[in-house]
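Once you've looked at the hints, dock chain B against the given chain A.
Sequence lines, in order, name chains A and B. Position 275 (the first sequence) corresponds to 275 in our numbering; numbering is contiguous. Position 318 (the second sequence) corresponds to 318 in our numbering; numbering is contiguous.
Just to be clear, a hint being listed does not mean it is correct.
[Stated by the list, open to error] Think about it this way: if two alpha-carbon atoms lie no more than 30 Å apart in a straight line, the pair counts; the simulated DSSO-like pairs of lysine-lysine are:
| hint | chain 1 | residue 1 | chain 2 | residue 2 |
| --- | --- | --- | --- | --- |
| 1 | A | K162 | B | K601 |
| 2 | B | K1167 | A | K97 |
| 3 | B | K1103 | B | K776 |
[Claimed, not checked] Quick list of simulated restraints, FRET-style, between CB atoms:
| hint | chain 1 | residue 1 | chain 2 | residue 2 | range |
| --- | --- | --- | --- | --- | --- |
| 4 | A | D188 | B | H631 | 56 to 62 Å |
| 5 | A | I152 | B | G738 | 43 to 49 Å |
| 6 | B | R783 | A | S177 | 34 to 40 Å |
Honestly, the hints are just simulated from the structure, not real lab data. Owing to the predicted nature of the structure, the values given are computational and were not obtained by experimental measurement. All C-beta atoms in this analysis are idealised placements derived from N, C-alpha and C, irrespective of residue type, glycine included.
One letter stands for each residue in the lines below.
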Amino acid sequence: MSLTTNYLGLVLRNPIVASSSPLSHSMDSIRRLEDAGASAVVMYSLFEEQITFESSYVDHYLRSGTNSFAEALSFFPEMDQYNVGPDEYLNLIRRAKESVDIPVIGSLNGVSAGGWINYAGLIEDAGADALELNVYYVPTNLDLAGQEVENIYVEMLRSVKKSVTIPLAMKLSPYFSSLGNIAKRLVDEGANGLVLFNRFYQPDLDLETLQVAPRLVLSNSNELRLPLRWVAILYGRLLADLAITTGVHTSEDVLKGLMAGAKVTMMASELLQNGVRRIKEILGEIESWMEEREYASVAQMIGSMSQQHCAEPAAFERANYMKTLDSYRPVN
Amino acid sequence: MTSRTVTIDGNDAAAHVAYKTNEVIAIYPITPSSPMGESADAWAAHDDKNIWGMTPLVRELQSEGGAAGTVHGSLQTGALTTTFTASQGLLLMIPNMFKIAGEQTSTVFHIAARSIATHALSIFGDHSDVMAARSTGWGMLFANSIQEVMDFALISQATTLEARVPFLHVFDGFRTSHEVMKIRELSDEEIRAMIDDQLVQAHRRRALTPDHPVMRGTAQNPDVFFQSRERANSLYTETPAIVGRVMDKFAALTGRQYRLFDYVGAPDAERVIVMMGSGCETAEETVTALCARGEKVGLLKVRLYRPFSVDSFIAALPASVRTIAVLDRTKEPGGAGEPLYQDVVTAISEACQKPDRQGGQAALAHARASDTPPRIIGGRYGLGSKEFTPAMAKSVFDEMTKPAPKNHFSVGITDDLTFTSLDVDPNFNTEPEGQVRALFWGLGADGTVSANKNSIKIIGEETPNYAQGYFVYDSKKAGAMTVSHLRFGPEPIKSTYLIQRASFIAVHQFDFLNRYQVLDAAEDGATLLLNSPYDANEVWANLPRPVQETIIAKRIKVHTINAYAVAKENQLGNRTNTIMQTCFFAISGVLPREEAITKIKESIRKTYGKRGEPVVRQNFAAVDAALAHLHEVTIPAEASSTTDLPPAVSAAAPEFVQHVTAEMIAGRGDLLPVSAFPLDGTYPVGTAQWEKRNIAQEVPVWEPDLCIECGKCMLVCPHATIRAKVCHQSEFENAPAGFKTMPAKWRELPDQLYTIQVAVEDCTGCQLCVEVCPAKDKSNVSRKALNMHAQLPLRDSERVNWEYFLTLPEINRNGDLTFGSVKNVQLLQPLFEFSGACSGCGETPYIKLMTQLFGDRTIIANATGCSSIYGGNLPTTPYTINREGRGPAWSNSLFEDNAEFGLGMRMALDHQGAYARSLVERMRKLVGDSLADGLLNRDEGTITAKRELVSELRAKLSGRMEPEARDLLSVADSLVKKSVWIVGGDGWAYDIGYGGLDHVMASGQDVNILVLDTEVYSNTGGQASKATPLGAVAKFASGGKPTAKKDLGMGAMRYGNVYVAQIAMGANDTHTVKAFLEAEAHSGPSLIIAYSQCIAHGIDMAKGMHQQKLAVDSGHWPLYRFDPKLANEGKNPFQLDSHDPKIPLQDYIYTEGRYRMLRQSDPEAAKFLLKQAQESVDHRWRQYTQMAEMKP
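Chain A extracted, bound-state conformation (with noise of 0.2 Å):
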């Protein structure tokens, strides 16, 4: 019986890739993943805003108050390094790529064109054998057309896509008119895979303080419906590998992932609320279900239920929202 599956060019163990998440912050951490049968792993995202912010910071808080008053030019020893830039995050992609055998690939976050995108560049000179663009833009300015804001996500696709060699993914939200065809557009503009979909943190408000608090919340298997529905419309109309991120907690998960159409499915939230043995656990379950089954490799049941190769096309599109409000029967 064989796991094995293709992703962005890598052939991977297995069909589970840790998702970009804290779990990708320390060498120690990495090493677990691998060990606990993780096929690849997503570092965490190098931010834009963290590069901007953390190189003002240091800029702002070295030079406040400076040169103002006779006895205090200075309020701050000057320090060697300040590891502002993506230095730290480039070298554990170095380190990574020494002590782990499998794939390690890169992520890369942000919204504007700005300088940011070289350090595409440098994650692919550090070792990356591939890298997702997580695009996180949150269109606030009501002038702005939906047309617009897709052209932006195109854009930075193809500012980075000139500077990289190693096969590109991009990580799309599910916030799109036409889903299908702002996929297609980053796959005809390069995208060697898409990731559906990332998890847009939202906002909380604290009835306390009256104040806007952001707070995390991690995904349950009932988000994975909706990546599987796009994975499943998807599959087999782009050239481009699929892969599911959004609500991959048990071995029927990654199962349904892969049936839809999905090379891989992602794990975060799992890993983070139950640890990364889960992963043993969950490959152990698939592989029963398969023995069981007879199926001989993962390769035989990808896209295997995607709205290309299903019994019911339909049950993808507004039939199965009326078969799905249907089939809801309320408590007594």
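The following block gives chain B in isolation, referenced to the frame of chain A:
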């Protein structure tokens, strides 16, 4: 040998050699020498090596006395050792210096010479510190310029090793220590060549070691002490020759020849000035100019002041000299003359007595021929960094031509009382042609000085030009004005005075045109660069008339840019430095424009590269944008403006403020005559109210419909610019239109109105008040009861409202209201207002609260530091009085003795009180039993009631002639309770003053000690103290402080009778108020340790109170009170007032730059220290919890 040119200041020049030639360096911060220690510490942290390939050990001590002791010990144990200091710091080293010299130990101390505090403290330069040390037996070598600082640092080091006489290497504080100049750096090879390893080894051989034990430091009896003291005479006799040889060796190596006394000027000079220090450079420039006119004048620069070589001095004087003027940069009141003058008189006198003495013959040829020795006059100049200009030097030469010149004169001031001063011709000028002289008027916050330091480096290091920069700062910490003086040119620059004729003037703050005579120094045809909020075609119309007239008269070319708009567009906030620097290069013509832009960008990458690419890109963009927005202004033929410069202070100000303070505010303090000043350093209080600085771009505006009258905004306001009053409705009848009120929400104050008023002209715009305001609009939570709005549109109306507000009655302290809550206390008038503290200062709210509660009966002993600077630095000071004329009386003694100073106050008050009570008892018959009983009863009644009794007593005694009655009148006020507050920062309380603090706490006396704990030496620029927390980065702890913060409170609690409170008003303001009340009520010593956020924490100062809360929530700063009274009542005196830590330490500390920068620069070390710090917090919390739970 290879050496390179560098553009550095005097401190770095000295530190460079000191670091290279020493093995142990003991340091302690004191202005203006602190940067030497900081550089040495930074180089050691960077593992830079000395000439023996080792990294010197650098350690901060608790005081200069401690540093000197460490130096002494290290020297005795054979290490090459040094230190850096100035002023009082040097005085603290004197006891050890006598020992070090007596033991004939080789060492050099590098001194940025500074005034000694007398009638007032001065951080600025003169020679009074080193002159106080001249009897210690140390050699003294004076450097006059930055190049000489570097050279003399080495010459003194080489000399001391051979001579076995320790040396003070002296240069002028600020003028030399802080002047930036292009010089030739001494290479390691050159330094190596000057240091004789055999002498180093000999130094080591003299060390104490148990392998060859000796004793040093014995006690001697009358039989032998004197002889022993004379034993080393020969070393002092030989030292000048050694210095001369070392100087010759140095010259052979570097081409720079120095002599013990260097003469410049006409070979046949008849008039010669003798002086030392940076003034020599100015005097030399003057001599050169006068000689060019054919005048027979000269200058003798004293290099080696101690040991004073009479022979060399006489030999250096031209034989033709008829009159000598000796200039001393110090004052020795009551002496026969100042020190250098006396030495010169002695030297000439001795030479005359021995005319055949070798070396004296030629110089005194004239004297012998005419049988009259040269006439010698002496004078003082430059005290406290008073300017010394060529015009002043010329006035001295002019004086020498008079038949009866003044002796013991002063120059540079107008002495209209004892008429010592010389007249100075203001038009005499020696600034050379072909030199660019640029003046930049800016704010500390806008980065003007940083940009100019950068420009000097560009020009100094990238062009063949010589470059000099000197920077003048005002004494405010918020909204400070800076004036940069930059000179560039093909010839070496000797002008050690402020620019007098500028070819370029930049005004980075448009408002300065209304406040200062910014164009006074402009020469004809100069260029003016304006940062203006107006377009090029609107600028002219917005200039005040005097400015327009000057521009036309001096044919000044004007360029303008709206730098703030450009900065904003490029995400640079208010930081206009790069933009204005670009404009300077674009229009000054110092460098070709394109080349200049390239150099600026290279420099940006060099300066900001480490801080990350985004910052570099922002600055690049600003450079490009600057050029696009720079425009020349067309100057009309005639002035059109009708606006004049406003007066510096209101016409309502008192006479002293009108005539003295206002002149200082306007920048004309130099022109005030001696008679303008008080005899003994005593100044009126309440002057800050007259200096309307208008530094806030935005100010808080009150919304009564949302206000809950909690008083928090006023409590946290660092500058007392937001205040509240409650008055009867009738009081508001004449209120100006728009004056806001709301019903007062006090049960005790029915039918009254509440008002909050902001002094917008005094506010610094820190936003602390807005941040703590808890009242939010239910329909729009971004709107609070206080919101920031632009100041300018509000300025006029709010000025009127503020003046009206001040006329409203103050709350009645003896009415129905008690003052135990924040809400109520904030109705009390603050007697500390509008200080020069930083915007968002964490210290001043505590001081202000103290003055609200007890200010009318308080005497403050204030340790030197931030609180003495914002509390007592002229021109205006913040302590003020109430309507009865009462308020805090304030004084500063020293840094190290503040607790003892306060104890002295207490003892005086106690004795006076006892004497007064004794007199009342003795005069009971006259006073009357009832009044006497009232006066003698210590416990009953309020302060007001007691004051009324004293008034009654005064009335009774008035006109009585009995000695006891008159005596009683003189001490009658001491019958009313006085509160002594001993105030200072952590540098004082934890370090330099700890011994005294501990002793005062042990004394049992009724003093209140307020420690404003910023956890770092704030005033001198963020050096670590023992209050600095584990893991925080500070100067002298750049790798993160490896040891835990000292638990000052725990030490105090162990005495049992000391009231101790640890407070943080941002975490619990009620607790803060309670602690102040309890501390003052406690009849023994009380100690309040107050968490004070500081600019040295690397935080957004607007969030200062939030940081306090995080400090408490994380357990870093537990709130507690230890009240001995409770123990007397059989209760546990220790009350832990904060809850269990709610957040891990890292959630607090990594919101502050002082911790974050270690995480960024050395993540592993940060992780290690964080773990230790968390353990330390946990341990202390457990300890406190156990204490709180203990049964009494």
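Status of the hints after comparison with the structure:
no.	hint	result
1	A:K162 <-> B:K601	27 Å, holds
2	B:K1167 <-> A:K97	24 Å, holds
3	B:K1103 <-> B:K776	17 Å, holds
4	A:D188 <-> B:H631: 56 to 62 Å	48 Å, violated
5	A:I152 <-> B:G738: 43 to 49 Å	48 Å, holds
6	B:R783 <-> A:S177: 34 to 40 Å	36 Å, holds
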